[in-house]
Amino acid sequence: MNQGTWVVFELPGFANAASGKEQASLDALRSANETSRFQSSDALWVKLVVADPPVMPIRPLGIQASVTVSREELGG
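The opening residue of the sequence shown carries number 11 in the numbering used here; numbering runs sequentially from there.
By construction, these hints were calculated from the structure, which means they are not laboratory data. Here the structure is a predicted model, which means the values were calculated and not measured. There may be inaccurate statements among the hints.
Cβ pair distances, simulated, as ranges [what the hints assert, rightly or not]:
{"#": "1", "residue 1": "N26", "residue 2": "M66", "range": "20 to 26 Å"}
{"#": "2", "residue 1": "G23", "residue 2": "D62", "range": "27 to 33 Å"}
{"#": "3", "residue 1": "M11", "residue 2": "D52", "range": "27 to 33 Å"}
{"#": "4", "residue 1": "D62", "residue 2": "A38", "range": "22 to 28 Å"}
{"#": "5", "residue 1": "V65", "residue 2": "G23", "range": "30 to 36 Å"}
We put the beta carbon where it would ideally sit given N, CA and C, even for glycine.
Please construct the entire structure, taking both the sequences and the accompanying hints into account.
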């Protein structure tokens with residue numbers, strides 16, 4: 011993926027993300043320029059943003075953006 015590109019995931023039943031900036035609303039998540047998360051009443055929304063340009067040569071297993079999610083609250 012090119013630097014600055016992004017994808018948003020809706021993860022029903024998930025409660026927490028180990029990283030990403032917490033956003034106050036879904037609109038704020040959509041507007042975010044960095045990897046972020048928003049917790050709605052029934053789902054975790056995660057926006058992954060590619061922060062760095064791809065390293066050449068591009069390898070299939072090269073990770074450009076990631077976040078770890080769980081179904082438990084922090085401390086659970």
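Against the structure, the hints come out as follows:
no.: 1; hint: N26 <-> M66: 20 to 26 Å; result: violated (35 Å)
no.: 2; hint: G23 <-> D62: 27 to 33 Å; result: holds (31 Å)
no.: 3; hint: M11 <-> D52: 27 to 33 Å; result: holds (28 Å)
no.: 4; hint: D62 <-> A38: 22 to 28 Å; result: holds (23 Å)
no.: 5; hint: V65 <-> G23: 30 to 36 Å; result: holds (35 Å)
Comparing the model with each earlier hint shows a violation of hint 1 alone; every other hint is respected.
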